[in-house]
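Peer 1: Sequence:
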Amino acid sequence: MGLSKQAYKGTRDLFPVEKRVQEYMFTKMRQSAALFGYEPYDGPLLEEVELYKAKSGEELINEQIYSFTDRGGRFVAIRPEMTPTLARMVAQVYKESSRPLRWYAIPNLMRYEKPQKGRLREHWQFNCDIFGAPPMKGELEILSVAVNLMRSFGATQEHFEILINDRRVVDDLFMRVLQLNQEQAHRLYKIIDRSKKVPRSVFEQMVAELALPKKLEETFCSYVDLSSFEELFSFLEKLSLHDTKDYLQGFTQKLLEFELLDYVKYDPTIVRGLDYYTGVVFEIYDKHPENRRAICGGGAYANLLEIFNEGPLSGIGFGLGDVTLRDFLTTHQLLPDLSKADVDVYLAFQSEEGEVLSFKLASELRKRGVKVSLALSPLKMNKMIPTALRSGAKFVGILGDSEVSESAINLKNLLTTEQQRFSLKDIEEMKNTIFSSLEK
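FYI, in numbering that gives the first Met the number 0 the residues of the sequence shown are 0 to 439.
Worth double-checking, as some hints may not be accurate.
Said to hold, decoys possible - Below, a list of computed lysine-lysine pairs in the DSSO-like style, where the Cα atoms sit at most 27 Å apart:
| id | residue 1 | residue 2 |
| --- | --- | --- |
| 1 | Lys27 | Lys339 |
| 2 | Lys113 | Lys18 |
| 3 | Lys27 | Lys94 |
| 4 | Lys411 | Lys393 |
| 5 | Lys27 | Lys136 |
Stated by the list, open to error - The following label-pair restraints were derived from C-beta to C-beta distances:
| id | residue 1 | residue 2 | range |
| --- | --- | --- | --- |
| 6 | Arg150 | Val342 | 27 to 37 Å |
| 7 | Ser362 | Lys196 | 24 to 34 Å |
| 8 | Ala6 | Lys196 | 27 to 37 Å |
| 9 | Ser97 | Pro288 | 16 to 26 Å |
| 10 | Pro311 | Val201 | 35 to 45 Å |
| 11 | Leu260 | Pro288 | 39 to 49 Å |
| 12 | Arg150 | Glu49 | 37 to 47 Å |
| 13 | Val342 | Ser422 | 21 to 31 Å |
| 14 | Asn381 | Glu289 | 22 to 32 Å |
| 15 | Lys253 | Glu112 | 35 to 45 Å |
| 16 | Lys196 | Glu230 | 40 to 50 Å |
| 17 | Ser97 | Ser200 | 53 to 63 Å |
| 18 | Glu289 | Glu112 | 16 to 26 Å |
None of these hints come from the bench; they were simulated from the model. Ideal Cβ placement from N, Cα and C applies to all residues, glycine included.
Build out the structure end to end from the sequences listed, making use of the hints.
Peer 2: This is the structure:
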């Protein structure tokens, strides 16, 4: 039996057309981060499993990591997420660094989970984080980065919304009102996280199994049914959680001032599964009925560095995967046509002399930033344009026998069919003609 030609389950072969789409998304990610002053970073593909045990949820450690013991006896894992690596790196430099730290990365990640729509075992993820910002300011900036990125793809409020919550609300409810122990609180977090994914009857059964006093059970169910900031504020007032209410009212006012509130909706079921979140948590949701799911998630954390015996450092960030983003862009028809290679001009010739001239011209144009695909063998005149079209070029440069004899080239715009003749010495004019057309 021969070797399979298929990629490992849950991974992808990124052929040029798929890679062009991915690079298009990556470019937008880098541009959006740069617009806000974020710097790129990266870390190792392998980390010791202890790092994830200290900072990630139990499900990740027990069921989802790819782990093995290396030849030195170290128990290591292929990174399933970037935040623990980020925390380890920040812990090394934050005391000597000016704040806030604004970092981003687009790491390759792997998790052992069931492949399904929008979720594979391997994916790339845009991670954007800010550390050491004043209260609320980091949250507002990170949400602004996320909105700016979505808008850079042409997405509007019709396409997506940001569902937001605050872990302080849930912690106050669990500890100050319901007075749960850690085990009960952990179980209720899981129930909240699953509440939208199961029928109401199943949700109520899960709550009933905790055997909470009737009044506390009703309070919890009332919380889960909240659907707006106004309802949340009334709920917090009723429970005398005034400090949390005041903070969130101030936060929503800032969302309004930063022109973010129209994108945001309060959702009590957004708690995010990872254990390190301590403040604002959010998910960007696709509004399309055929792709109604989270495409991005993030939140605030204050104690990310404690496993390295470092003090509190405020931080907030989000992750946006390339798989869910592509599904979103495809569903809303927001992807440009990337079916062909990004080539400015295809140079074709008929003779050996034309080949030499084409090679020299291609070299000069490339020095000036023109992307040139060069024919590797002579072509008949009737084959030049079809071959250029297949290459993805916007122009074809024709060096036939008559052009060679006159040291000239015919440059044809394949979109408009407009054709111009240039001397082979007029390289700057050729470049300007190509670039001016591409800018239109």
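Peer 1: So the hint says 24 to 34 Å: do the beta-carbon atoms of Ser362 and Lys196 match that?
Peer 2: Violated: the Cβ-Cβ distance is about 59 Å, outside 24 to 34 Å.
Peer 1: Falls inside 27 to 37 Å, the C-beta gap from Arg150 to Val342?
Peer 2: 29 Å, holds
Peer 1: The hint says 40 to 50 Å between Lys196 and Glu230; measuring C-beta to C-beta, is that right?
Peer 2: 22 Å, violated
Peer 1: Could you tell me whether the CB distance from Val342 to Ser422 stays inside 21 to 31 Å?
Peer 2: Because 23 Å falls inside the window, the suggested range holds.
Peer 1: Can you let me know if the beta-carbon spacing of Ser97 and Pro288 is within 16 to 26 Å?
Peer 2: Distance hint for Ser97, Pro288 is violated at roughly 46 Å.
Peer 1: Mind checking the hinted window 16 to 26 Å against the Cβ distance between Glu289 and Glu112?
Peer 2: Given a distance of about 22 Å, which is inside 16 to 26 Å, the answer is holds.
Peer 1: Just tell me: holds or violated, for the beta carbon distance of Leu260 and Pro288 against 39 to 49 Å?
Peer 2: 24 Å, violated
Peer 1: Holds or violated: the 22 to 32 Å window for the beta-carbon distance between Asn381 and Glu289?
Peer 2: Given a distance of about 45 Å, which is not inside 22 to 32 Å, the answer is violated.
Peer 1: Take a look at whether the Cβ-Cβ distance between Arg150 and Glu49 falls inside 37 to 47 Å.
Peer 2: 40 Å, holds
Peer 1: Return holds or violated for the Cβ distance of Ala6 and Lys196 against the range 27 to 37 Å.
Peer 2: Distance hint for Ala6, Lys196 holds at roughly 29 Å.
Peer 1: Tell me if the beta carbons of Ser97 and Ser200 are separated by a distance inside 53 to 63 Å.
Peer 2: With Cβ atoms ~54 Å apart, the hint holds.
Peer 1: Between Lys27 and Lys339, does the CA-CA distance stay at or below 27 Å?
Peer 2: 19 Å, holds
This entry does not satisfy hints 3, 7, 9, 11, 14 and 16, going by the numbered hints stated previously.
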